[in-house]
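Chemist: This is what each chain is made of:
Number of protein chains: 4
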Amino acid sequence: MPDGNWKTAITDIAPGKIRVRGYSITDIMEKLSYAETVYLILKGELPTKAEAALMNAVLVASIDHGASPPSVLGTRTVISGGNSLNAAIAGGVLVIGDTHGGAIEQSAKILQEWATKGDDTAQIAFDIVDWLKENKKRMPGFGHRLHNVDPRTGTLFEIAKRHGYRGKHIELCQALETALAEKLGRKLPINVDGAVAAVISDMGFDWRLGKGFFIISRVPGLLAHAYEEMTRERPMRKLGPLPFEYDGPGEREV
Amino acid sequence: MPDGNWKTAITDIAPGKIRVRGYSITDIMEKLSYAETVYLILKGELPTKAEAALMNAVLVASIDHGASPPSVLGTRTVISGGNSLNAAIAGGVLVIGDTHGGAIEQSAKILQEWATKGDDTAQIAFDIVDWLKENKKRMPGFGHRLHNVDPRTGTLFEIAKRHGYRGKHIELCQALETALAEKLGRKLPINVDGAVAAVISDMGFDWRLGKGFFIISRVPGLLAHAYEEMTRERPMRKLGPLPFEYDGPGEREV
Amino acid sequence: MPDGNWKTAITDIAPGKIRVRGYSITDIMEKLSYAETVYLILKGELPTKAEAALMNAVLVASIDHGASPPSVLGTRTVISGGNSLNAAIAGGVLVIGDTHGGAIEQSAKILQEWATKGDDTAQIAFDIVDWLKENKKRMPGFGHRLHNVDPRTGTLFEIAKRHGYRGKHIELCQALETALAEKLGRKLPINVDGAVAAVISDMGFDWRLGKGFFIISRVPGLLAHAYEEMTRERPMRKLGPLPFEYDGPGEREV
Amino acid sequence: MPDGNWKTAITDIAPGKIRVRGYSITDIMEKLSYAETVYLILKGELPTKAEAALMNAVLVASIDHGASPPSVLGTRTVISGGNSLNAAIAGGVLVIGDTHGGAIEQSAKILQEWATKGDDTAQIAFDIVDWLKENKKRMPGFGHRLHNVDPRTGTLFEIAKRHGYRGKHIELCQALETALAEKLGRKLPINVDGAVAAVISDMGFDWRLGKGFFIISRVPGLLAHAYEEMTRERPMRKLGPLPFEYDGPGEREV
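These protein sequence lines are chains Y, S, R and C, in that order.
Residues 1 to 254, numbered by the working numbering, are exactly what the first sequence covers, in order.
Residues 1 to 254, numbered by the working numbering, are exactly what the second sequence covers, in order.
Residues 1 to 254, numbered by the working numbering, are exactly what the third sequence covers, in order.
Residues 1 to 254, numbered by the working numbering, are exactly what the fourth sequence covers, in order.
There may be inaccurate statements among the hints.
Computed list of lysine-lysine pairs in DSS-like fashion (alpha-carbon distance at most 27 Å, straight line) [to be verified]: (1) Y:LYS7 to R:LYS238; (2) S:LYS168 to S:LYS133; (3) C:LYS7 to Y:LYS31.
Hints in this document: simulated from the structure, not taken from any laboratory.
Since we're looking at a predicted model, the values are computed, not measured.
Build out the structure end to end from the sequences listed, making use of the hints.
Modeler: In structure tokens, the structure reads:
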């Protein structure tokens, strides 16, 4: 019934030997930052200095956003029900879907698909806006519920600029901001998800990994919330939902 | 590296053949209720008529409890984040821990451990209350946040009585209600979890399966909530947490 | 920040009161089978006698399929890592996706979308096969890895027939079997997922609930495997993967 | 029903403002490494230079261990069933329990509880070995299935030594290695989990966070496996279990 041996190109293991993408784990422990190691394990190669700085900033940027994101609610609810730390992290990660943390993936997909359509970035940006309007879609990674201007976006692009790192996707992302403002008549600034999408796309990561960067970044934040819930709150406190009322069928007999 | 073949005593599978605990699945589909099949797959043997009625009532009893249980919050939060039905059910099941749905297991453990200590059930019940007081523990499966008298308890015991089904654990559970009232000076009625614990213990189920009965029973309820959230509500609505404030360190510089 | 009260039409809760879709839980415990209650909570109304028999058979049919399904591997792996029962069930449910247990949903979607296209069922079936061929798709719910003829399909349709229960979707499903055989030149019998898809579609359930019926049905099976792993096997035994080899980059220096 | 406002000391959020433990997220993006940020969010304060190097090495050390760990099996099984990236990460994290990845927590608990018992570390180490023998327990964090000497342990302690970082827990951990060898008559070297347990204990982290460090570290590894499964393998391939046989009841009639 088995399909025979299968293969993996991630880590080579033997007694006394652990090599990630060919590099010895003890060398990595001494010489690379964790952010560089994340880049290595996902990409297969070492980052440049610019990519190392950007990957670090990407992972820091989304580490936490206070108590309101639904993934925090997922994690705290699992702890509150009397469960283990790993179940709580899993419960939070399960919430990170298309409408929470999904914008990196969706935005990177659009950037990567349209960036191949030519060299006139400004024109491509206008074409994307037309396509969005025709399909009645909003551009993921732009605008934010809470922040008028997402402070993390500027810093991420600033770090990129300082290192002279600006590929086609960052360029297209910024052109989109202009095109959206012009065509929609109102500012819709790039948020952290959009900026991360542009940066990882220029680094050559597949858009399908988009949610992955958000998850890596956010897990320590979820852990901090799990621990705070465990140590500061009593079990089964009222975490939600908000007051609700029943509006189904009235009383009846079987 | 493999440990060689391993064994399972649950279901026998071969081309054209599916036999659960020895019985053909097509015979079961025709002749057994789903509750009887649950009993069979977990116990290995067919239930009596009394056990079939009780297992059915046990599974019905906990199918849903409105929108307030934390597992519902878990399930709805996962849907609200833009995820699939199975992730949402998993997210709800993850919440079912020691403080939510754990009372069946905890109560059954106590009933099963003490029921072996002799034939004087009333005395054993008093000994349990003493042991609880010494260890500053509350008896799981008694009392309820919302219901003064849990309506499901009476029905479950009524069905047992009608079938002449009353083993040592149901007896001990009811003696405990008396002993608690006498020693604590206030009524602490058996809730549905305590009643289920007594019934499954008399059926001969290991207390370590306790949470399992609650999970089986509740999954359709979680599914109903997942579907209602998916079809009646907009994504990422405010499900919780309640208003919160930050009380950590003030602004400081790196 | 809250969005105000929200509403649920599933279960009405108040002190001493639990009413599912308007019916008292204690009445349901006495008068309905668990399968009927599952129908009620998902549909909002009581099933007919035919629907009750079919819902029961649907839930029994997929309760377990031996040790090979990937969801069993998910559940056993979680137990083997030293975790709780609810985490193990969640781990198994997480595996139930588009390629494992997803055929009910996919098949019901096709049946429900094409059943509205007219009254000539045989012609619609041929049109579906053409559409599948044009789009290089396989028809979900037909054929089986292990069973030449899935024994559960015949029993399910037999129960439907005995009750005179045969709507447009069962009819279309069976016409598809004929059309596939004729156009592909080989038999591709309806499997249990395809039969369940037809039956729940005739009952009026939304295809988006498809995976839900599979999950409800399978949870007791996963629980049986979790308990067997917990009680018969040692922790961290070799459950998988099969032998593998590393084929990534050779040794190199940071 | 709500319990009133609740509090969090992790991150302060307001329009245009994100401050983790009091520090601005944009400052952190510019000035701190991700490993330092993980330290900050969990501890509430900035790490020293030694602690930053150690936290980095701790996170790098456990990032992946090839295809054999059960959490990798969990993650790959979820992808193989046709599910999303976040469900796959959650499926892997669910496997990280008491027998897989639990040694950090268990080892740190022992180190933290015994380190308070006096200043004679060598004596305490012998007392721990006696206590283990009396209770027929193995010392978690020592010995390894595959590695005779875990290469990561030496590097971690080497980094600590270079920074002059050696508190009571590292000392006790190393004394334990000596005591175990002497009393058991065979070498049982500290593995990476034991070394991490000592290091995080000296940093002042609660042992209950132990699994958390392993989870943070391993999530990128799980993501790499999820992506490899998604892009290199076909859905529903045979990932496990190994060949099995049915040993339950023979054929019988309902």
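Chemist: Look at each hint and say if it fits the structure.
Modeler: Each hint, compared with the structure:
1. Of the supplied pair hints, the one linking LYS7 (chain Y) and LYS238 (chain R) holds, its CA atoms being roughly 18 Å apart against a limit of 27 Å.
2. For the hint linking LYS168 (chain S) to LYS133 (chain S), the alpha-carbon distance of about 23 Å falls within 27 Å, and the restraint holds.
3. Taken as a hint, the LYS7 (chain C) and LYS31 (chain Y) pair is broken in the structure, with Cα atoms around 40 Å apart against an allowance of 27 Å.
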